[in-house]
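Spelled out, the chains give:
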Amino acid sequence: MNRPATSHGTTVLYSAHGEEAKPCADALQDVPIEAPVVKRSVLRRFASRFSVLGLIGFTIIVFWLGVAFIGPLVAPYKGGAVTSTEIFGPSSGAHWLGTDYLGRDMLSRVLYGTQYTVGLALASAVLASSIGTFFGLVAAVSGRWVDEILSRLFDALISIPSKVLALVVVAAFGSSVPVLIMVAALAYIPGAFRISRSLAVNLMTLEYVQVARARGERLFYIARVEVLPNMIHPMLADFGLRFVFIVLLLSGLSFLGLGVQPPNADWGSLVRENIGGLSEGAPAVLMPAVAIATLTVGVNLLIDSLRRHGARAHGGGQ
Amino acid sequence: MSMIEVKGLRVVAGSAPEAVVEIVKSVDFSVEKGEVLALIGESGSGKTTIALSLLGHARGGCSIAGGSVKIGGIEVLALDEKGRRALRARKVAYVAQSASAGFNPARTIMDQVIEPALLHKLMSPAAARAKAIELFRSLALPAPETIGSRYPHQVSGGQLQRLMAAMALITDPAVVVFDEPTTALDVTTQIEVLVAFKKVIRELGTTAVYVSHDLAVVAQMADRIVVLNGGKVRENGATAQVLDAPVDDYTRQLLAATRHPDPEPVTSALQAPAPLLEIRHLSAGYGRIGPNGMPAVRVLDDVSLKIARGSALGVIGESGSGKTTLARVVAGLVDRASGEVLLDGKPLPAKLSERTLEQYRRVQIVFQNADTALNPSRTIADILARPMGFYHGLRGAAATKRMLELLDLVKLPAAVAKRQPGGLSGGQKQRVNLARALAAKPELILCDEVTSALDTVVGAAILELLGELRRELGVSYMFISHDISTVRSICDEVMVLYAGQCVEAGQRDTLSAPPYHPYTGLLVDSVPALRPGWLDTRRAMTSGALPAMGAPSDSDQLCSFRSRCPARIDGKCNVTPPPMTKLASGGEIRCHHPADELIRMQAVEAVTP
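Just so you know, the protein sequences line up as chains V and F, in that order. The numbering of the first sequence is the numbering used here, which starts it at 24 and goes up by one. The numbering of the second sequence is the numbering used here, which starts it at 98 and goes up by one.
Hints are supplied without guarantee of correctness; some may be wrong.
[Said to hold, decoys possible] With the C-beta cut set under 10 angstroms, the calculated list includes, among others, these residues of chain F facing chain V: (1) Thr453; (2) Tyr457; (3) Ala467; (4) Ala470; (5) Ala534.
To be clear, the hints were calculated from the coordinates, so they are not data collected in a lab. All C-beta atoms, glycine included, are put in the ideal place defined by N, C-alpha and C.
Isolated chain F, as found in the complex (with noise of 0.2 angstroms):
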């Protein structure tokens, strides 16, 4: 018998006598015992609506229409309100996506993962407790006995998601929901958390529903996949199956968002000599002022970097390596401690109100979440209208002319000028977004994250339309992101950040093949494949402990990677700042390693799959 069975699912929105939107549109599904079944779409899809039924749960105006849920032989949707909470004790547990807000600031860790099991009496606190250090070791959280008595903010973000995991795990459910548990976190995080959930999944026999967008990720956690569009199931069949050979022409579409193609090469015949954007041995940062000049948090630390005309700079990094600080700093947001930025040859002044029209016209900035990045008081008109009033002095016909132009250019209706923001979906923001932005004509348009809230077909249309218009219109992008194969596919050359440094520079080609630094090597093999067992052979190869290493020297430029490097060399890298390596490809890397060297190794770790 199934653990899970779903049957003519239906959940809508809205009650009688208002209008209903049907949500979940009868879905069928079931999961066997110890598998685990993903549920992929994009945001919309209803993918959250069924994994929350299988509690028995319809979010705040939404009702659970018709169908049946079955869970180990339990019909869920007959049980009245004291069922549901048995249910929720013994059988089915959740995990959300956000692990931060999930936990209680103001209370422990360890009384938090174990209240599940004292709110249900089914253990005593001391049993708990056993339990939960038992579970935080399987979930391989650092220092099991004692990471229980911290409080949510002294751990970190991939932990806190484990420990979420935990929490759900400590009544031994049948059933665990992860809704998007990886979603929130950066690359390298999420292959930690991944791996822990993977191998806790696999010892305690549990049946686990896994709701995502990214398909790649669902390629290593599910052994069947249901793919869902419009609340209507697309596709059902074994992972294997979904992604070699998949029947449906949405989950060819999703699976053709995923692989990036690589764009055509540029002709880098154009460049004119003077570049367009040049920063050098740029420093800032937030806080007080120190003696040396320097801000108590140095959050940017002797950045430098060249945009050519008409080229696109991907800058990557995970979060908090200070890229989205980078482009607060050119646009004039964020005071700078040193250094100097020119635009086209002149210095473009670190303080806003000494800037001119034309500079400020110049660059213009593109905010990761669309959401708030526009005014929700007023209309799209209104919001293109002004940069073209604020700049050119257009007025009247010629402004709406011009506006038209503009949304044409996004790929926007023209109806959508007389809306306001919050009747727009986000993917229509992030083009009104672009589309204030180039209402400026500007020639570099700094683009924070703008993809990175954005569903994966979405986000690839995105992408398409800021390559187009960066063929038509030839403005020049700094791109920053995560996500390295986004940077790939529309970027000219890269940079990588890490903790304020640039550690890597070079040709968008230096992400395709070693030699990497050994930061970039990480990131490039944190992306997870499109193939099942990926994370398998990802796992054994970074089993292995880092290389011991000493006590630092007293210097501030030591490479701040030493850390978590699994190539450091003790007496170099805890000694001396590394030097600032050419390659023959042209790019730089910030090692103490040669390149061939790198070649070597990470050529070792690339046959070993």
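Isolated chain V (complex conformation) (with noise of 0.2 angstroms):
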């Protein structure tokens, strides 16, 4: 079976943010003798590399990201400017998804917002992904000892109900942009943890591995070259999931009023603002519900394809 070429986009993104990307000395020699053909349309490799699905979901959150960057500069409206006398208002002309409980802008409500729900998920999910991953190859190569107390340490830490640790942690340090990527990182490390943990010790059994470790290879040359790069497909599938996760924690402590503090807002602190609205149907209340959810849909669409892919890969592999 002809496996297709590793996704250099993602694994160059993924790897960007890892530990492992910090300059080593062995790569200098490991530069690989790429063929030269990568360049050859790149955006149509890439994109039949995907399902038709995977493909919407990639462009939802490419839209999703897009408006993280621009969306105060293309709102309307100022975020937390009361716009109009009208509360819960209807869309219209002036105010394309309605106003708010107080009268502001809903489109330019959700437009600022989007950067608070992205980027504090977007950052969370990465730091608990890629410390989770780099703790589970350090727990896979190291020997026996070092495996156990790691192991017992995270054990302890996923035996804390994650959304009642990020209330204590908001309720006792305040709750601040850094305090919610940090409760929400240390909140879903220990499961990426133990995922990349369980899909190292299997690599670490095969042979090409007991045939670099028979060479004479230090353990930080067979994690990074031999194992790394063969569970990288199943490890972005799962950060994919944890981003989600993340989302919905996040959207859920701004729910119970402890997130982003207001006037700032993101999606979730919008729904909880606007929960007044609901029974008279206010776009207010559903819009910023319809972004969560449109997210956490194309989001896991866009998985959903990778990890198709980084199954087909792997029995290739085999």
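Taking the hints as your guide, dock the two standalone chains into a single complex.
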């Protein structure tokens, strides 16, 4: 079976965030002799790697990422400005998504809120996944004692309910962006650790790793070259899942009033603020909810197609 | 009328808009009632695909594109899904290669064996059970009345394979398809299974299609042989004719690959006084280390050996004999419990972390399964470049040059370098695997069953390559295999392992004539010969019961083969550890029987056929 080449786009993006991109002594001699065909119509190759659903998911994510960056620039009004006397107004020419409970423009509120939801969640998910993957690798590659200590440590962490932990930490330290990122990352590191450790432990028993060990390779090389590239696809799929969970966790915290603080608001707080309009069917409460839904669905569509691709690649390797 | 008639059968892979590959190209053959037909060919020749089409089945991604398959006058390909189910219930049954994957570990064997009969409502459960016990008996399974209440993990691989046949035969099918049923088994187990299959086919008068890549096995089982290559029938004839007077070139090639040529004798004058590798009284195993310093499961027990520079030592044994562990201990992947390993007269540290770069370089290991031995996410160029850079500091143009040399050495085209292992065939992967070991410029290569997973023709090519490399580069091999003929064709010296003990060691010729250790004798006699009727004479010879023997003494040094040995002596084998006896040929045998007595016994056996 012909295995498609690994995605350079996603892999590079990922490792740029992870610890594995640290410069190291072996990096120079390991520059692969790449085929010069990579440049040819990168876009089409990229598109052909995903199913239609995957492409839809990808488009949604790119859309929201774009909004996170340029949203405040294109918003018709300032995020916190009261612009209308009508509360829970319907959509109109001046206010496309209606107005909220104070008469603020809802479209601007959602556009301003995107950077909090997407940015916070992305930062936390990257942190959680890369730290989890790193320790998972360390645990699998190092000896029994390191593995034992790390595993028990993360088991202890996993036994604390993540939402309760988040509530306690936010209550104790107050709500700020760094605290929220840290709390969300902390809650999801143990899961990433578990998955990456079990993947790496399985890979460690394969014969190419045995050959590398018998060749006298250092653990760092084995982890970086022999193990990590072969677990990156499942870990990316896991990263996507974690991203969605974190969006939901942060939205939940905001809904309880412990997330991003007013007058700033992420999507979760927008839903909470405008919950009073639910009985009127106001777009003010529906639109942020729809935004959360599209983002999670989009990420999941992309992940599913990634995972299927990863499974196929794995099957080809066997 | 023929029982099976296949005409113009075509099977394709891929659906219409994409590229369609023809896997089976217009195949015709027919099988009379009660006849056994063998489909033989390399992997990719389409033999399993044809066998499955007899059941009206095509594997995922494949479809039957044309032709006709008639079984007992019924056109199989015209049947709908319901009709095919009925066909598989009564007419055709299938025995797959991997019996352990075919059984559900959570249910008893009896439940699974009678399941087809109950599923298709052909018998009452009681009648099915009685029938199953009868089948167990004809398949020569131990304790036929009670074996059904066991679970799949409680019986051996060979027994499971026979139970799988019982499952297929329970519905009294007119046709049974055997798909490589003995390929995964040891030679000694293979014989038992073959004998049982042959007997049951003869007793029930079943028509059988036997799929295999092993000509010698097929010679025992089949009345007719169909030789396949690339989805086409190359030759179709009676067994004796195909074996003795093959018409087709490809058949001749297959036959030549099966009959390993005896290698030219290696000049022993070059042997240096200090052996390259010396192992003294090595013990190793797995599990917790006990108070006596020995691990809970002892896999190797007091093994000693020497490999001279430039020579090859063959290590033979059944699965579980500890031969792979031996290679892993030398490579440093498994800790040793006691004993010494000397490389070039200097001790080799047990732990990998204590070895020097030079020691790493001199010993390289090549694994059996090339699929898992190459990192699927790297290109061949990366894989080969690593040991060069690691040991020799080769970079850039020099490394590329050396890589091309290596590819040339293992006879691979240079274009392979840019590909990933997933894009190579099994034989090509094994060559890359070898090239990676050679890239280190090693002095000793540990070859762990390197040809076992390959087809006969490809395996023979790899063996030839190994022989050439040895002549050109002067590397030494520790060649591990369960296949005596492979070892005989490449090694200068052999060592036979049984349950972690070395039972016989000597020059290659010790395997071609008595005296053997009784276990070696069993191994040698179990290799199927390329002539019909071999199996029957072999069965006539070994049908006798083993000599009676009393309870063993407490000594843990007793001969481990005594429970299976046809020549055991009560009061000796179960009481005192056997001594290592020197033979006239220079070999050694760990047995109570003196050499001339073994010669006498084994000469009698050799004369009987």
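Here is how each hint holds up against the structure:
no., hint, in the structure
1, Thr453, "8 angstroms, holds"
2, Tyr457, "3 angstroms, holds"
3, Ala467, "9 angstroms, holds"
4, Ala470, "4 angstroms, holds"
5, Ala534, "8 angstroms, holds"
Hint compliance for this structure: every hint is met.
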